Amino acid sequence: MKKTNPDFLNGVPELLILRLLDERPMHGYDLVQAIREASGAKLDFGEGCVYPVLHRMEEHKLLVAKRLVVNGRNRIVYQLTKQGCKKLAGSLETWKQVVAAVNAVLEGGSDGRPALA
Amino acid sequence: MADQHWHDRLRRALDEQGLPAAYSARLLEELIEHCNDLHTENRSMEAHLTAEERLGAPASLAIAAKKEYVKRSFAGRHPFVVFFLGPIVVTQVAWHLLLFVCVLLKWSVTPYEPVTMLPPTGLEWFIAYACVYLMRYLPFVVLAPFFMHTARKCYRPAWGTLACGLVAYMAFVNYMDVFPPTEKHNLTVGFTWIFGLYNWQGRFLPAAIPLVLSVWAWNRFDKSTCPVSSFQAPQPAAQE
Numbered sequence: 001m002k003k004t005n006p007d008f009l010n011g012v013p014e015l016l017i018l019r020l021l022d023e024r025p026m027h028g029y030d031l032v033q034a035i036r037e038a039s040g041a042k043l044d045f046g047e048g049c050v051y052p053v054l055h056r057m058e059e060h061k062l063l064v065a066k067r068l069v070v071n072g073r074n075r076i077v078y079q080l081t082k083q084g085c086k087k088l089a090g091s092l093e094t095w096k097q098v099v100a101a102v103n104a105v106l107e108g109g110s111d112g113r114p115a116l117a
Numbered sequence: 001m002a003d004q005h006w007h008d009r010l011r012r013a014l015d016e017q018g019l020p021a022a023y024s025a026r027l028l029e030e031l032i033e034h035c036n037d038l039h040t041e042n043r044s045m046e047a048h049l050t051a052e053e054r055l056g057a058p059a060s061l062a063i064a065a066k067k068e069y070v071k072r073s074f075a076g077r078h079p080f081v082v083f084f085l086g087p088i089v090v091t092q093v094a095w096h097l098l099l100f101v102c103v104l105l106k107w108s109v110t111p112y113e114p115v116t117m118l119p120p121t122g123l124e125w126f127i128a129y130a131c132v133y134l135m136r137y138l139p140f141v142v143l144a145p146f147f148m149h150t151a152r153k154c155y156r157p158a159w160g161t162l163a164c165g166l167v168a169y170m171a172f173v174n175y176m177d178v179f180p181p182t183e184k185h186n187l188t189v190g191f192t193w194i195f196g197l198y199n200w201q202g203r204f205l206p207a208a209i210p211l212v213l214s215v216w217a218w219n220r221f222d223k224s225t226c227p228v229s230s231f232q233a234p235q236p237a238a239q240e
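So the sequences go chain by chain: A and B.
Per our numbering, the first sequence starts with residue 1, numbered consecutively.
Per our numbering, the second sequence starts with residue 1, numbered consecutively.
Source of the hints: derived by calculation from the structure; they are not laboratory data.
Note that the structure is predicted; figures quoted are calculated from it, not measured.
Idealized CB from N, CA, C, for every residue including glycine.
Hints are supplied without guarantee of correctness; some may be wrong.
[To be verified] Partial selection, computed: residues in chain A whose CB lies under 7 Å from chain B:
#, residue
1, Gly28
2, Tyr29
3, Pro52
4, Arg56
5, Glu59
When you get a sec, could you build the whole thing from the sequences and use the hints?
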């Protein structure tokens, strides 16, 4: 059974969703497939947990949801707002800094010795 | 066709979490659509297994949904600030602001001194008692339902109850009364904080009313904030 959203992934689903919706509007299933594809199926999460996150992001005006008929089916399609674009830019910057900092610790300090063996 | 058993379990799990009906309905709708997509994607897989394995267990999904629902508002993310510090600070600020207005009003009609030794007029009595009853009830009667409404919107019933309890306690502690004229002053109003049980009968009603109103507010306000009702009618789309 998959965990819906492991604790260490806090903030990551939001970043992925913002990044992928920046490319094009998508509905939930489409988005999950895009995450799976883009991550090479490395990110393992309960697909259902995407929807509560999407609803919260919509409430925070980062996304806008519209009912559209897609391939003959009535779907709720999510689209990035201007606020969402700004949030994406900020989150990407923060993420890059965190990754760089963690890598610096894992790969060694300034003296070249690995901080973690 | 998506798995009905899984849907039923999910619906029950969402009901158990006490989420707003509109929010649950929309989540359910999207998950059912997702289920249908999964079946389209792989028709050979067993329906029940696909939904459960790919989407997650209904109980976990409902818990995750509630967690996300709560995080939607500032009050949901910071309940201690909003429902513990909030009532203490806001009731005191509101009470003192109203006190300032009432004292100005009362003094404009009946100054504290010089002592006139004349019996107060009907208007003076009215203003004095109006100030006292406004001070005893108004801030608390407004703030208790406000905090309960806020708690309901972010689904924090226990915190809402705590906030209303604090507002009621403030109403019990903040005391105001009319003092008839004496040789030292004219008709006046006085206020104090009483932490003991002195004159508890007189302070019980101002404390009880906010509690009753908060229960009413809990039942009265529509807690659904899900924007599903504001969606546009389905429109054809050019792209998937």
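Structure-based check of all given hints:
Hint status for Gly28/A: holds, given a least beta-carbon distance of 5 Å to chain B, under 7 Å. Against a cut-off of 7 Å between C-beta atoms, the interface hint on Tyr29/A holds, since the closest Cβ of chain B lies about 4 Å away. The beta carbon of Pro52/A is positioned within 7 Å of a beta carbon in chain B (closest approach about 3 Å), and the interface hint is therefore held. Using the Cβ-Cβ criterion of 7 Å, the hint placing Arg56/A at the interface with chain B is satisfied: the shortest such distance is roughly 5 Å.
Satisfaction of the interface hint for Glu59/A is found here, the shortest Cβ-Cβ separation to chain B being roughly 4 Å, below the 7 Å cut-off.
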